[in-house]
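Position one of the sequence shown corresponds to residue 0 (numbering that gives the first Met the number 0), numbered consecutively onward.
These are calculated hints, taken from the structure and not from any lab test.
Among these hints, one or two may not hold up.
[What the hints assert, rightly or not] In silico DSS-like pairs for lysine-lysine, Cα to Cα no more than 25 Å straight-line:
#1 Lys195 to Lys35
#2 Lys75 to Lys266
#3 Lys67 to Lys79
#4 Lys223 to Lys67
#5 Lys223 to Lys171
#6 Lys195 to Lys223
#7 Lys35 to Lys171
#8 Lys295 to Lys336
#9 Lys60 to Lys35
#10 Lys223 to Lys75
#11 Lys223 to Lys35
#12 Lys171 to Lys139
#13 Lys171 to Lys67
#14 Lys223 to Lys266
#15 Lys35 to Lys79
#16 Lys116 to Lys79
#17 Lys223 to Lys328
#18 Lys223 to Lys336
#19 Lys79 to Lys195
#20 Lys266 to Lys195
#21 Lys60 to Lys75
[Claimed, not checked] If you anchor each label on the Cβ, the simulated ranges turn out as follows:
#22 Glu49 to Asn348: 40 to 48 Å
#23 Thr102 to Lys75: 50 to 58 Å
#24 Glu82 to His135: 25 to 33 Å
Model, not experiment: these values are computed from the prediction.
Cβ coordinates follow ideal geometry from the N, Cα and C atoms, glycine included.
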Amino acid sequence: MAEQATILIPDISGFTNFTNATEIDHGAHIIVELLKLIIEANDTGFTLAEIEGDAVLFYRKGEPLPRKRLVGQCLKMFSKFHEQLMVIERDTVCRCGACQTVTDLTLKFVTHFGSIKEIRLADFVNAIGPGMIVAHRLMKNAIDSHEYILMTGPCCEAVGPSVPDVDLEWRKSSQAYDVIGDVDFEFATLTRYRAKVPRPPARPRFVINRGEDNLEIEIRAPMKTVYQTLVNVDMRTEWMTGGAPVNRDMTSERIGMQHNCIFEGMKLINRAAAADYGEEHSLYCEYVEMPDLDLKVAVYYEMDRLEDGNTRLNFNVNWMGASLPAENKMGMIGAMKPHLEALKEVCENASG
C-alpha cells in the first residue's frame, strides 16, 4: 500500500571530471567520506533508501516535520559538510586536482512530500512511486546556484510556511517537466549561510627537527612528480620493493593519515606528520613506528628543484632518542638505498 512520506535528497555538486588515476582515486575517497558524514548527520528519523552517485536518498514516512526542523536538518548536513571540506583543505598533503579543488564542492537539497511504496527484497528496502519521481526530476532545475534548499509545493503545504531568517531568503518558482507537467516550489540559496560556517582551528606549528643520518639522490624528473610519488600511499609498493601494504586509512592523503606496510620483514606504522610544497623546495615528513623494535623515528624527504628542472632528494632520519647501536642505524639507512633508486626509476619513467 502506498504511503505519504517526506523525501529528502542531499546532492553533492562541484567536482570536475578528473582523468588521471590519482585524481579519480582521491576524488572517490573524498566523496565517500562526505556521503558518510551526510548520513551520520541525519538526526530526524529519515530512512536511508540508497546512495545514488554523489547524492543520498532519504525518506520519512508519517507526519511531516515542522518546516523549521526540516530546514534545520538540511542546515546541519550542510554545515558538517563544509566544516569537513575545510579540514581536508587544511590537512591535505596531495597536489592532485581532486585534493586541491575540494572546497569547490557544495551541497544542494531537494525536498518533496508525496506518495511512495516500499519494496522489500531480501534484506533490502527500496522506495518507489510518484513522490520519488517528482523529487528526482527536481534535481535538474533552472536555479542559478549549486547550493540551496528546494521545497516543492506539496512539501511546503505539509511542513508549514517559512519563518523569517536572516540567512535564508525564500523565493517562489516553478519548472515544467515532461509527463509530470509544472511543479511549483520554493527555494533558498545557502551561500550566505555557508559564509558563517566556522573554520577549523589551525594545526599546531610543526617544528622541523632533522637527524644526522642522510641519503641523497638526484632524480631526472620535476619536483612535483617526485613529491606526488612520495605522498601517494597507493604507489609505495612501486618503489618500496619487497614490501607489501597492509592497510591504509580510506581518506585522501592528508596530515594524520596512517598506513601500515611491511619493510624488510618488519611491520611499519606510518603517519603523515607534515608537508610543505613549493616551486623551489618541498618537504614531506612521516612518523614511522616499528613495533617489533619498540622504535619510533621521524623520516624527512626534502626536495630541491635544480637549474635543469630535475630534483635533488634528501632522505633524513631523526632517531628520536632511540638507543640503537650505530651499526644498526647505518644498516637501516643503507637498506633504503635500493628503494630510493627504485623511486628514482618510477619518477623518471613517469616523466617520460
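Going down the list of hints, with the structure as the test:
no. : hint                        : verdict
1   : Lys195 to Lys35             : 23 Å, holds
2   : Lys75 to Lys266             : 41 Å, violated
3   : Lys67 to Lys79              : 18 Å, holds
4   : Lys223 to Lys67             : 49 Å, violated
5   : Lys223 to Lys171            : 49 Å, violated
6   : Lys195 to Lys223            : 35 Å, violated
7   : Lys35 to Lys171             : 32 Å, violated
8   : Lys295 to Lys336            : 20 Å, holds
9   : Lys60 to Lys35              : 22 Å, holds
10  : Lys223 to Lys75             : 38 Å, violated
11  : Lys223 to Lys35             : 31 Å, violated
12  : Lys171 to Lys139            : 16 Å, holds
13  : Lys171 to Lys67             : 18 Å, holds
14  : Lys223 to Lys266            : 29 Å, violated
15  : Lys35 to Lys79              : 11 Å, holds
16  : Lys116 to Lys79             : 31 Å, violated
17  : Lys223 to Lys328            : 30 Å, violated
18  : Lys223 to Lys336            : 21 Å, holds
19  : Lys79 to Lys195             : 12 Å, holds
20  : Lys266 to Lys195            : 45 Å, violated
21  : Lys60 to Lys75              : 21 Å, holds
22  : Glu49 to Asn348: 40 to 48 Å : 42 Å, holds
23  : Thr102 to Lys75: 50 to 58 Å : 20 Å, violated
24  : Glu82 to His135: 25 to 33 Å : 28 Å, holds
The structure shown violates the earlier hints numbered 2, 4, 5, 6, 7, 10, 11, 14, 16, 17, 20 and 23.
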